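Residue numbers (our numbering), protein chains in the order written: chain R, -8 to 227; chain Z, 134 to 415; chain L, -16 to 261; chain F, -7 to 279.
The set of hints was computed from the structure by calculation and includes no laboratory data. It should be emphasised that the depicted structure is a prediction, and the values quoted were computed from it without experimental measurement. Possibly wrong hints are sitting among the right ones.
To be verified - A partial selection of chain L residues facing chain F, derived with a Cβ cut-off under 8 angstroms: (1) P63; (2) A66; (3) S93; (4) S94; (5) G95; (6) I168; (7) G176.
Unchecked claim - Derived CB-CB ranges, DEER-like: (8) F:M(-5) x L:R45: 48 to 58 angstroms; (9) L:D86 x F:G109: 32 to 42 angstroms; (10) Z:C208 x R:N101: 33 to 43 angstroms; (11) F:D135 x L:Q195: 21 to 31 angstroms; (12) Z:D269 x R:A81: 43 to 53 angstroms; (13) F:D135 x R:G144: 23 to 33 angstroms; (14) L:V233 x R:G0: 44 to 54 angstroms.
To be verified - A few chain L residues that don't get close to chain Z, going by computed Cβ distances all over 12 angstroms: (15) Y(-2); (16) G35; (17) L37; (18) L41; (19) P50; (20) L62; (21) L134; (22) R135; (23) G141; (24) V198; (25) M215; (26) G222.
All residues carry an ideal CB built from backbone N, CA and C; glycine is no exception.
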Amino acid sequence: MAPRDPDAGIRRTITAGLLLAITLLLTLTRIGMIPVPTPAGNATIAHIPAILGGIMEGPLVGLIVGLGFGFGSFMGATLPLFKDPLVAVAPRLLIGLVSAWVYIALRKANRRTLTIMIGVLLLLLLAFSYQVGMTTLWLGIVAAVATVGVCVGLLIWLGKEEPGIIALAIAAAAGSLTNTVLVLAMATIRGYFSAEMAWTVGLTHGIPEAIVSAVVVVAVVSAVRQIGSRQRGSSI
Amino acid sequence: MPHPLIAVNSLSFSYGQDGPNPIQALNGVSLLVERGSYTAIIGHNGSGKSTLAKCLNGLLLPSDGLVAVDGMDTCDPDHRYAVRALVGMVFQNPDNQFVATTVAEEAAFGAENLGVPRPELLSRLEQALADTGLSDLSERNPSTLSAGQKARLAIASILVMRPACLVLDESTALLAPRARLELLELVDRLHDQGLAIVLITHQMEEVVRAERVHVLDEGRLAISGTPQEVLLHPALAGLGLDLPPAAQVAAGLRQRGLNLPDDTLDSAELVRALLDLDEARS
Amino acid sequence: MASYDTLRHVSIGQYVPTGSLVHRLDPRSKLLWLLLGIVALLTARGYWVNIGLLLLILGLVRLARLPIRFVLASVRPALPIIALLAIMQVLFYAGPPGTVWFDWGPVRISSGGVRLMVVSLLRFVDLLCLTSLLTNTTTSGAITQGIESLLRPLSALGLPGHQAALIVSIALRFLPILGEQMEAIVQAQHARGALVEHGRWAVVANARRAAQLIVPLLVDAYRRADELVLAMRARCYQGGAGRTYLVQLVFSGRDWLSLAAAAALVALTVCLRSLPIP
Amino acid sequence: MSMPLVAIRALSHTYLAGTPLETRALTQVDLTVRPAEIAALVGPGGAGKSTLSHYVNALHRPSRTGCVSVLGQDTASPRCDLGRLRQDVGLVLQSPHLQLLERFVGDDIAFGPRRQGLAGDTLRERVRWAIEAVGLDFERFKDRRTFSLSGGEMRRVAIAGVLATLPQLVVLDEATTGLDPRGRRRVHAILREQRASRGMAALIISNSMDEVAALADSVTVLDQGRSVLSGPTREVMCRAKALREIGLASPSAQAICQALSEGGLPVSTEVLTPLEAEEAIWQAMTR
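Using the sequences and the hints given, assemble the complete structure.
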């Protein structure tokens, strides 16, 4: 048994620094902000380093990188919505934390546990969609269809992939959705958005962002850690 | 009896040894580096050179076997920093190892980490910058330096730790001919000042400068000896390494029956030998 | 084709020694300046105050003997996206109440909307300039030490001040390097024919480009971190404890003076808030 | 005479024109690569070699000054088919790791051929050929993760990825730097073999004059963004003084003969390789 690498702390600090740099680069140069014609102004990929930081380096690093993202988006904001630190900064602190916690909870889980969890998630989201459907019918329907689609996709994927990778993807999506949900909740509470607007934005941004986050995080982590993917080799 | 500076005893190292398929990079390597000596380690890509280098100062710890620096086991956490300060390591690509935004701060980094008191720190820094010819550039941003200057800065940042040995891990590979020559001359000067040098390379013409050469192949020591012994060794060709051009010419001429001495390994020696030979004939 | 050039020079994080008065200030007073400057930016309202702040900051840039266009270079890569965003926002977003200049279907241009846009952009540019100014005039060692020293009161509460300072200073130092890296990645992908160049569909192209960029950028950052960690370990880095410093922090009279100026600036912007300046 | 593959005339390039960071990378540079020719680009660091190589792949396109024609296409023209051009011109950049796009080596090398419409066994054979061409073992490497490769392996994979599309021209920007002699010989051999079998041309950028002397048919020397010397390799390499002035060395073999001739031995200095030097010295010694 080799002794534990005594310099692991340095690695964590440096990685946090580099992830923070990427976050600032993506927010301050606006490369990570993709303009879309919705009330929120743009979709983002700049929250991905915070998710990665949380998953790979732990909650603290996720928190720090998330703070950087919040600061960048706060200072770069052109909409009153994001000029409010309670909307722009506070929710972002939780992105990395949630990803980290979800990952820690799931990384040891086996296939069956994950299947059950996806089932529970499906039911919860469907119940939620039903609630939404009671107020705005079409939104509820869209949400339900999206939920079923995503969960079925996840289950099919689960059959093919290693549980570790699924855990990563779920943690990343959870981090991304934390961002969407909390920002929109704050925006609604603080009176920038009506509930219906929030739902529209949530569906049009939240789901694509969550999927992109999961794909990117899985790609990066499996490259860096060289951890297993069921796909053991090239297709050649 | 004083300890040798670095003693490597049947060292083996595997990457990912906790995982399902470890990759063995070094297999039973033993060698000694004496104080003030000049050692070259050559081998083709993937022969384990860099892994060996990182084992010499405890950046990697042996999977099996022992590496002792000045009698201190590199596995002993109490000696970790003493070992790293004694055996300084310069990597291939200086761009990726700079932490600071001025030459002076970058050079001082190692000494700061060792907690060297400031007056001493300043004198060490001054000395290191002077040795590497960077004194006039101390306020510059390292990213604005030329490739050769960056390589010298990487050396300066090791010298402030006052090491007894300098390990250069393919530090010349990315340099243009003139910058490479300048760097090798700097290394020669440092060697003259008493520093032990371990030069890791796959350029045969560079090993001629060394006192002792070790050839690594697939993680094992294939040949060890003086440059002359190694370059004339019959097994060398099978290891995928080329003779330096001068040695190639000399070998060819010898085969044609020219009576050249054995020690014509670099261009200058070959030219001198040929001119002597020509004079003797006429 | 200038598209690769724009990423090449992020001025934030590049130390540019000119030996000016600003360079010689204590890093702590510059860090506090940045902090107070941000407060001033956040409190400033209306066109004139913000333009005044921009002029003041550009004046500081001149005082540091830096070319203004160098400092503004950080804004350049953001320009196309900012412009697009600005147009969309002005057209479609109602904004705070004000005179409506143009109203047709979903499109409404009002004085309030335009002012919001312009002031936000000025604030963004100001922030980039201030951050750039800090890093252009302060070495990474000084920044680390400055932050560490400012955080010392919090260290008593268990906050790892040295690590926090190192994280920030590494992030600032690597900003321009990663910007360059991004350019290299775009080039490498083009060279293999991986990206199709869209001329017209800027939005789609931007989205695709951003997604294709971020994976290699992150993977490369991890590789870079590995190498840097190795180089730091090889030079006996062992955290903040027991470390000595090349740079010595001296908080002198001119630092107090500069701080007083910053405080006055904040006070001024706060006072101007209550005045009816457009 | 057949039309050149690459014809660059009076090309200038300025980075960040109109800003204080403006840097002149190229000034009135000419470069020609003929079909089935191995051309070399040498020069001290910062001479503009990489920038020039980017023009050949249309990563940069001339804006105001100069004219760049690659495989008969004017790259400045909006009608220039970039996709086609980049398939026919393979560029291996200085930092090979950025060029690897896929997770597994096999998929990465298959990237180009797939875009050309190859599939199934043809694709597999092409990938096998490309991996083996650069001296790596197909079975062992196809399933390696690109992130886990060493620097030297990454360079080889990058070269293989470019060769796999069977380009008409490959541009290697210091692609053999950091490779061991065996790896270099392998790359040299594949360039020569491809030239012989299907007339592939190559433009190599190298800081090893020995390598250029052994491999290239023609050489262009850049210094501070200008083309200062160009012509057949032997002609350029024999101008030792001019090369020394801009900080380049002559090839070792040539330097040995030069030193001998200065020392009074009547030996021909027009040699490029150790073998030629050996012959020339033998001639002189047995005169």
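For each hint, the structure was consulted:
1. P63: violated, 16 angstroms
2. A66: With a minimum Cβ separation of about 19 angstroms from chain F (threshold 8 angstroms), the hint on A66 of chain L is violated.
3. S93: violated, 36 angstroms
4. S94: violated, 34 angstroms
5. G95: Given a least distance of 35 angstroms, the restraint on G95 of chain L is violated.
6. I168: holds, 5 angstroms
7. G176: Where the cut-off is 8 angstroms and the nearest Cβ of chain F is about 4 angstroms from G176 of chain L, the hint holds.
8. F:M(-5) x L:R45: 48 to 58 angstroms: holds, 54 angstroms
9. L:D86 x F:G109: 32 to 42 angstroms: violated, 54 angstroms
10. Z:C208 x R:N101: 33 to 43 angstroms: Given a distance of about 37 angstroms, which is inside 33 to 43 angstroms, the answer is holds.
11. F:D135 x L:Q195: 21 to 31 angstroms: holds, 24 angstroms
12. Z:D269 x R:A81: 43 to 53 angstroms: Holds, at about 50 angstroms.
13. F:D135 x R:G144: 23 to 33 angstroms: For G144 of chain R against D135 of chain F, whose Cβ atoms are near 26 angstroms apart, the range 23 to 33 angstroms holds.
14. L:V233 x R:G0: 44 to 54 angstroms: violated, 31 angstroms
15. Y(-2): violated, 4 angstroms
16. G35: About 31 angstroms separates G35 of chain L from the closest Cβ of chain Z, which puts it past 12 angstroms; holds.
17. L37: Nearest chain Z Cβ is 26 angstroms from L37 of chain L, so the label holds.
18. L41: Answer for L41 of chain L: holds, closest chain Z Cβ roughly 23 angstroms.
19. P50: Correct as stated: the minimum Cβ-Cβ distance to chain Z is 15 angstroms, above 12 angstroms.
20. L62: holds, 24 angstroms
21. L134: Since the minimum Cβ distance to chain Z is about 19 angstroms, L134 of chain L lies beyond 12 angstroms and the statement holds.
22. R135: holds, 18 angstroms
23. G141: holds, 23 angstroms
24. V198: holds, 20 angstroms
25. M215: Contrary to the label, M215 of chain L does not stay out of reach of chain Z, its closest Cβ about 6 angstroms off (not over 12 angstroms).
26. G222: Violated, since 9 angstroms does not exceed 12 angstroms.
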